[in-house]
Structure formats: C-alpha cells, structure tokens
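> Given two chains presented individually in distinct reference frames, assemble the corresponding complex, making use of the accompanying hints.
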Amino acid sequence: DAMVIQNPRYQVTQFGKPVTLSCSQTLNHNVMYWYQQKSSQAPKLLFHYYDKDFNNEADTPDNFQSRRPNTSFCFLDIRSPGLGDAAMYLCATSRVKGRDDEQFFGPGTRLTVL
Amino acid sequence: AQSVTQLDSQVPVFEEAPVELRCNYSSSVSVYLFWYVQYPNQGLQLLLKYLSGSTLVKGINGFEAEFNKSQTSFHLRKPSVHISDTAEYFCAVSWSNYQLIWGAGTKLIIKP
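Chains as they are written, first to last, in our numbering: chain Y, 31 to 144; chain A, 118 to 229.
Take these hints with a grain of salt, some might be off.
[Unchecked claim] Dumping the calculated SDA-like pairs for lysine to any residue here, alpha-carbon to alpha-carbon at most 25 Å:
1. Y:LYS74 / Y:SER54
2. Y:LYS127 / A:LYS224
3. Y:LYS74 / A:SER213
4. Y:LYS127 / A:SER120
5. A:LYS224 / Y:PRO48
6. Y:LYS68 / A:GLU205
[To be verified] Computed spacing ranges between beta-carbons, pair by pair:
7. Y:PHE84 / A:GLU132: 41 to 51 Å
8. Y:VAL126 / A:GLY170: 27 to 37 Å
9. Y:TYR80 / A:PRO129: 37 to 47 Å
10. Y:GLU132 / A:SER120: 37 to 47 Å
[To be verified] Covered, in the sense of this in silico footprint (three residues per stretch, anywhere, with C-beta under 8 Å from a C-beta of chain A), are these stretches of chain Y:
11. 67 to 78
12. 88 to 95
13. 104 to 111
Calculated directly from the structure, the hints in this document are not laboratory data. For each residue, glycine too, the CB sits at the ideal point set by N, CA and C.
Isolated chain A (complex conformation) (with noise of 0.2 Å):
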C-alpha cells in the first residue's frame, strides 16, 4: 500500500532561522504531491503542490518544496522562519485517483 511519512514529528526552530519540514512516499509513480498546513484550531490550509513541471514549486508565505523523484521526496523548505508559522505541517500525495494519502503531520515550533 502507498504511504506517505514525516519522519519528523516535531521541529523546534529559532525565529529568523531556515527551516525544512521532510516528507517521503512510498512510489515515484505518477504522484501529486501537497503541503497543507493546519494551524491552531483551524481546518487545514494548501500551502503549495506539485502536479509537473518544474521540480521546485513555490507556495503561500515564503514556502517552497522540492519534488525529488528519485529519492521520493517532497521536503519543505522556508528561509526564515516567523512565530506566526507556528502550526502543523501535513504532506499529503495522490496517485490513483481523488483520495489524499496523509502523512502524520510535523509540528513547525518558532522558538523566539
């Protein structure tokens, strides 16, 4: 079965500092890829995603993510972190069809 993982659950950073949030799925074949966040009692929000193209796709807020076919990653990536990213980060791929495969989310910590 396919699969979508967040290695990291949790990633404390200082505010001003680069950030990189990981993601890695099961199969390169024929992938759409997605970056939502979800923050504080909120529904989740898209934050960018790969469907072809170029490889590195720009998304809301200063992020941005890599499409690495051979590695079967989709990390995200932000330059300089500000305390209002606070919030869970959710890696989410299609491949079939309509359905998201969700990882288990990374909670981006802004430490001042």
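Just chain Y, with the same shape it has in the complex (with noise of 0.2 Å):
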C-alpha cells in the first residue's frame, strides 16, 4: 500500500543535542510538509517542499530545519532542542499544492526532550 512512512516513531534526545527525524513516502506525491502537535492542540505547519522548492513558515524557529534529498524521503533537523520543543511531529504529503487536495499524514514521532 502507498503510504507515508516515519522514522522512528518515539525519539528521545537531551537538552540542546541535535535531532533529525526522518519521513519517506511511497505516494510519489510532489508536496511534503512537516508538522509539530502538541498535547490536545491542532497541528501547526512548520514548513513544506513542492519539489525543491522549499517554503518556511512565518514563525518557524531558526531551531528547525529541512532537507529533502528526493522525491521520496524529507528530514526534520533539530539543531539544538529545548524541552518546549517536546511534541509529535506529522510529515504529511499531498500530490499537488492545491486548496482542494487531500493531505496524508504519517503516523508521527513523538519527541521527548530530557
């Protein structure tokens, strides 16, 4: 089944030591978006990638970044994580950038922050 896939599923990392958290798809879908929920709250769009083209959220921390070396895979670079970075993080994937087009969404990982 075509699917959106990330890795691993529960990350713990220390204070200030850098993360990366992996998302593979096998949709072969051209966007690619990167989440972070917290506890009982909506999803809350970091960024996203239409192909190479890479958009940055408005308040994205300077903290995350992203890389996208292929159609298939995208990583979330946490430089120097702080415990209120603690939260679930959603890669989601859609086929084109279009307001009627359907997101699919990973299962997450859940990041702890000691």
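Shown next as structure tokens:
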C-alpha cells in the first residue's frame, strides 16, 4: 500500500543535542509537509517542500531545519532541542499544492526532550 | 485573520447514540472544508471533505457533514457511534491557498 512512513515512532533526546526525524513516502507526491503537534492542540505547520522548493512558515524557529534529498524522503533537523520542542511531529504529503488536495499523514514521531 | 472554531474540546456520548461535532469558520468566501480523525498515537486521516456541490457530504466510517454557508458551519455527524470511534476529530479549512487552518480538535469519548 502507498503510504507515508515516519521513523522512529518515538525519539528521546537530551536538551541541546541535535536530532533528526525522517519521513518517506511511496505516494510519489510533489509536496511534503512537517507539522508540530503538542498535546491536545491542532497541528502547526512548520514548513513544506513543493518538489525542491522549500517554504518556511514565518513563525517557525530557526532551530528547525529541513532537507529533501529526493522526492521520497524528507528530514526534520532540530539543531538544539529545548524542553518546549517536545511534541508529536507529523509528516504529510499531497499530490500538488492545491486548496482541494487531501493531505496524507504519517503516524508521527513523538519527541521527548530530557 | 481566518479562523476555525471547534467549540467543544470533549464530547462524551454513549455507545450507539448519535453524535454531532461542531465546527465554525470565520468567512464563507470560497472555502474548502475538511474533517480529519486522529486515533491515539497515530497520524491524521481524512474523514471527508467539501469542495463544491451537494452540501451534505458523506465520509468514511459512517460519518457525514453538512456545509451551511449562511451559518459558516461544517458540523460532523454520525447516527450511531461505536467504541472504535474514540479519537480526536479536527476540522480544517482552506481559503486562498494550500494551507489548512485547523481547529483545536474535539475528543470524542464513547461511554459503554
């Protein structure tokens, strides 16, 4: 089945220690998104790629970076995680960047910062 | 700024009873509307969407929603809930571009 895969499902890191979360997709979608979701809150869009074109949301901290080496993979790098970065990180894809296009989500990576 | 409001943070309901989860948005100008479901410790899955046409939209798992332009609402309904419907439900709206504006979510709690 075509899907969005996130690894690892659970990640524990130490305060200030860089961490990378990964996302892969077999849907061959052009757009990949990264969301941050804190407990009992709506997902918050951090950034997205449309093909190789990177788009950062205005309020995304500089501490968060992303890479998309090819169509299938996208990475979220947190350079110096703080306690406030503990959250569920969701990767999503869509076929194109259209208003009516469904976003397909991965299962998420729950990040714990000690 | 456009906004999406889900007034109920939690909705408890008995199994096999009907349920309505409410969603209101700030502007009726050219909107696309979505309901996503999030089961515990999982990602989000699309339940249904309204793009145009019939205002009553049917989705997966027996859910449906009605687009009401005059009331700027898109409430989600199910005539009879099951324990497996326990999840958090998010309403999302797309206005002028690709970006979804999300509601805060409603947790559906099924009581046996």
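> Quick check: do three or more residues in the region 88 to 95 of chain Y have a beta carbon closer than 8 Å to a beta carbon of chain A?
violated (count 0)
> Range first: 37 to 47 Å. Now tell me if the beta carbons of GLU132 (chain Y) and SER120 (chain A) are that far apart.
Violated, at about 22 Å.
> Falls inside 41 to 51 Å, the C-beta gap from PHE84 (chain Y) to GLU132 (chain A)?
46 Å, holds
> Would you check chain A against the region 104 to 111 of chain Y, counting CB to CB pairs closer than 8 Å, and say if three or more residues qualify?
With 0 residues close enough to chain A, the hint is violated.
> That 27 to 37 Å hint for VAL126 (chain Y) and GLY170 (chain A) (C-beta), does it hold up?
Hint violated: Cβ distance 21 Å, outside 27 to 37 Å.
> Are the Cα positions of LYS74 (chain Y) and SER213 (chain A) separated by 25 Å at most?
The given pair, whose Cα atoms are some 18 Å apart, holds under the 25 Å limit.
> How about the region 67 to 78 of chain Y: do at least three of its residues have a C-beta closer than 8 Å to a C-beta of chain A?
holds (count 5)
> Does 37 to 47 Å hold as the CB distance between TYR80 (chain Y) and PRO129 (chain A), or does it fail?
41 Å, holds
> Does LYS224 (chain A) lie within 25 Å of LYS127 (chain Y) when you go C-alpha to C-alpha?
29 Å, violated
> Within a Cα-Cα threshold of 25 Å, do LYS224 (chain A) and PRO48 (chain Y) meet the stated pairing?
This hinted pair is violated, its Cα atoms lying about 33 Å apart.
> Next pair to validate is LYS68 (chain Y) with GLU205 (chain A); report whether the Cα-Cα distance is within 25 Å.
13 Å, holds
> Assess, step by step, whether the Cα of LYS74 (chain Y) is no farther than 25 Å from the Cα of SER54 (chain Y), and give holds or violated.
Holds: LYS74 (chain Y) and SER54 (chain Y) sit about 20 Å apart, inside 25 Å.
Comparing the model with each earlier hint shows violations of hints 2, 5, 8, 10, 12, 13; every other hint is respected.
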